[in-house]
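Novice: Use the sequences and the hints to build the structure in full.
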Amino acid sequence: MEHTVQFAPATGLLSGMWLLVALPAVSAAVLLLLGRRADRWGHWLGCLSVGAAFVLGLLSFFALRGQENRAVQLNLWEFISAGSFRVDFGLLFDPLSAVFVLLITGVGFLIHVYAVGYMEHDEGRRRFFGYFNLFVAAMLVLVLGNNYVMTFLGWEGVGLASYLLISFWYVRPSAATAGKKAFLMNRVGDAAFVIAIFLLFAQLGTVNFDGVANQVHTLSSGVTLMLGLLLLLGATGKSGQFPLTAWLPDAMEGPTPVSALIHAATMVTGGVYLIARSNFIFTANSTLQLVVVSVGALTLLIGAIIGCAKDDIKRVLAWSTVSQIGYMFLGVGLGGAAYALAIVHLLAHGFFKAGLFLGAGSVMHGMRDQVDIRRFGGLWKYMKITWVTFGLAWLAIIGLPPLSGFFSKEPIIVAAFERKDWTAWLFGIAALLGAGLTAFYMTRLFMLTFHGPKRWTDDIEHPHESPPIMTIPLVLLAVGSVAAGGLMVGPVPKWLTPVLGHEVRGEAVLAHSAITILAIAVTLIGAGLAYLLFRDGTATAPQPAGALVTAARKNLYIDAFNEAVFEKPGIFLTRALVFLDGKGIDGAVNGIAASVGGGSGRLRRLQTGFVRSYAMSMLTGALLVVAAFLAVQYGWFA
Amino acid sequence: MNFPFLSVLTVAPLVGAVVVALLPRTRPALAKQVALGWSVAVLALSVAMWIAYQAGGDRFQFRESYPWIPNWGVRFTFAADGIALVMLMLIAVLMPLVILASWHDAERGKRNVPVYFALLLALQSTMFGVFAAADVFLFYVFFEVMLVPMYFLIGSYGGGKRQYAAVKFFLYSLVGGLFMLAAVIGLWVLGGHTFDWQALVDANFSTGAERWLFLGFFAAFAIKAPFFPFHTWLPDAGGAAPAGAAAILVGVLDKVGTFGILRYCLPLFPEASRYFAPLALTLAVIGIIYAALLAVGQNDLKRLVSYTSIAHFGFIGVGIFAFTTQAGTGAVLYMVNHGLATGLLFLVVGMFVARRNSALVSDFGGAGKLLPLLAGVLLFAGLASLALPGTAPFVSEFLVLLGSFTVNKTVAVIATSGIILAAGYVLWMIQRTTQGTVNPALASNEGMRHDMSLREKVVVAPLIALIVLLGFYPKPVTDVINPAVKATMADVGASDPAPAAGTTEAAR
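Protein chains in written order, with the numbering used here: chain A, 1 to 638; chain B, 639 to 1146.
Where hints are given, some of them may not hold.
As the list claims (entries may be wrong) - Below, computed lysine to any residue pairings styled on SDA-like, alpha-carbon distance capped at 25 Å:
(1) 1047/B x 221/A
(2) 1007/B x 171/A
(3) 1007/B x 30/A
(4) 799/B x 579/A
(5) 568/A x 551/A
(6) 1095/B x 123/A
(7) 1047/B x 19/A
(8) 1047/B x 454/A
(9) 1095/B x 40/A
(10) 568/A x 935/B
(11) 1095/B x 184/A
(12) 1095/B x 582/A
(13) 1124/B x 693/B
(14) 1095/B x 34/A
(15) 568/A x 1070/B
(16) 1124/B x 843/B
(17) 1095/B x 30/A
(18) 799/B x 582/A
(19) 1113/B x 19/A
(20) 1124/B x 34/A
(21) 494/A x 59/A
(22) 420/A x 543/A
(23) 1047/B x 284/A
(24) 1095/B x 26/A
(25) 454/A x 375/A
(26) 1113/B x 76/A
(27) 1113/B x 16/A
(28) 799/B x 580/A
(29) 799/B x 576/A
(30) 1095/B x 37/A
(31) 1007/B x 454/A
(32) 1007/B x 464/A
(33) 1007/B x 32/A
(34) 381/A x 284/A
(35) 1113/B x 15/A
(36) 1047/B x 59/A
(37) 1007/B x 37/A
(38) 1007/B x 40/A
(39) 1095/B x 125/A
(40) 1007/B x 551/A
Calculated directly from the structure, the hints in this document are not laboratory data.
Specialist: Below, the structure is given as structure tokens:
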């Protein structure tokens, strides 16, 4: 065992870290319990609580920097205890949770402010902010828990908030269905997650992060593999990775700020957090790492391919999120130094993807909720701030130097080429290909939306820029999109070393500079191709297409597969059982009951007049009791 | 502190029932008020008992014993361990809320209002008795008498096929009761002519006799709980009973089955319990999956909730027969939490049904638009029912699965897949009733214009508060349950397995 993980008790300012969770939680409770009485000011309370949490998060961050042991825990009360099992309602503030807290509250605050404007005309705005605050509180529990049960508590809490917000406009059947789908697919991952917790307890007798980290070396490799696969399945559910990917694009049924905060910047990165937090488990088994890397590489390609074929601005961005989180999974799967790189990409992605979604929301706001990019075009003239901020985020995500995405994505591609065997080529090339595809679909999206001829429907006369309460967050996120990657790629991995360890990097199969040049080249090719194809706009009607494009339009048949393999047979099984339970089991048991009661004729008679039958049953019972006791009394049995 | 809590708690509601029943039929409001006041007084007494109970003290407390039938050694013996205490408390908490929720239920059918509330109080009395009894014969008597008020509540005040449902309920229970009666007599004969629980625990039975006696008790409890495949009476009874009675039926009365297994089957017949555990686990696990699938397919809200309860009883069964401290504690906690969550769910469904005069899912649709608050409470109750973390049922389900995983991975993993199905039946029900476009028939319905009244808010608020409180801080209840479960596991001769890997000092 190299070193023992030990958490110091929280003191000073850090002993108030429970407030990080409590502030948004109390605000959510107030907004949801007060009802319409809070309609006038509810949204401001919502913003205020998240803003206050951000300030507290910053102060806590600086307090943590001054600590000798940069892992501080606060056990609030005994949560669940039985026999030798015990977990506390405990929080852990360490470098990894600190960066997540800043991302969640910081970007979360900007999106809250934006939503004040975006949801202004929605009668459910207060309810929206209640759910939004609930989400922030749950997400903070997820990243602040000091044991797996606490993580799971937050994990399910964000799942609930996600469900509530996807189906926020619940009158729309599609929104209700999408919310349910998200919850159900997540539950599959959740079941795997809890089984992993059971396995930890059965094997190690503890589910606290420190206890597990210190004992993980005692596990057999088979158990470690099983444990990791279960956690991975949980992570794929929350993060919309293969095979549990299909819910995420449908989640776009929710209001756009929801897509920005929950389904792009924070919640869907929960899976990456879980794997990074459990790095001691994943590092311990190379087969496990290979599986994670494969899931990441496969998903980043799936997301990018489907993203190229979509016409709904939010769905393109959703598949893009799937693809970008694939890069993060690739990173945490590669392990070693790439853990930190994945986190850097996660943070950078939080900025530019939030910016892209909010930009998309701003476009929809000015275009009567139109989402079809074939119906946009030339919007740069009408919404200049949205155009510029969206443009910067676009350049950031495709990874053009010196913007954010370049610094965060390119190192992951390099790390993929650093694998020890031939798989370096496999995953390296997949990551490069993904970069090219990303450049293609994002450029297509950008060109069709803001440039080329206008293709609007007649009902839109004056596209307009959004009010300042929406554009100011856009500008701030754009600044982040430009600068975050370059600023973070150096210090953040160093900051995360206590949690994720520091490892010497391997030799890449290609020279570092060659990979960089290749990455920039595929980006330029992808972007250039999209520019040439779409600079003059596109047809507004669906075009005939080859097999691959058709497949991509149909989400590579993932939904069709789920429907044929799970949904249809499930419904059939349910119907069959309902039929059988009535006829079979009930009939058989009724038959037995009837014969015990003395023939089915009597049963039928019993059902006719209830008072008489009741009296008769009681009489029979009473007689039996008396007879039995008399029998015993006179020793007929003894 | 020698106040005879248990006998007073058993008798007090019965006196109340007589008083209420004697009130003139023409003054229904008075009957309601007296019944409500009485049940609140009983609740206050129960709270005093809860405070007087010493969590780390003797296994059985508040012991009272009075002679009854000396020839047979039958005595009125009452005593409560932690398991009984939490169930008594659950009854005391639920009853005033059920009375308040049933305020207008009896009037609708132009039936005798005072008798309805008298029946509820009488039911409370018998339920107190069954959980407080520490004499096997006394338990048996309460176990059977308990049927009578419930029979009339379903048969006289229910809806739909109420007479069929009531008779079916009665017959199933009676058949189970006969098995138990045979076993009770056998116990007396073989156990040294006594009905005293402690004396019978100390008695020794031959292996064969023990197994037969176990089966006699188990049959009664498995029907009562109910476990697959003895469950088919419950959807009929739950579907036909008035919502308040259904909440009591499923929330508390059925728990006598699982309570009986814990109090009688395990301690009295430890060898047989271990012998039959695989069978019981199999039935329980089938029940979880089977009933959940059936719940998905239901089109009647009350039947749907009944089926979810059968699935939940499967979880309790797994928890009991896993024989570990975690699973056992989880099972008992599940009995409490399920009473709160399913009780709430039944009451809320009742509020929907009262407005629409129909329990059919297809008669709703988009109700959230018309009744946002009530729809929100339905969602909350549904989420508690699917054991979402942050609600009380999560803690119990987690402990059941955790504890059973340490000894039987297959059972635990199959049972865990039940949580996916639970999300399925709850969310699909929510979607079909409250979401989507508003059903035109609803929009023109007079009842659907009124969201929750103050009375209805008062009914649900304490349950919601308890569910959230116990979801984050279950310690007050687990502290009471834990010692009793440990003692029961010691009775059955089971001990928790040690961690398979790991170093003991690092496990703290």
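Novice: What hints, given by number in increasing order, does this structure fail?
Specialist: 7, 8, 11, 12, 20, 22, 31, 32, 34, 36, 40
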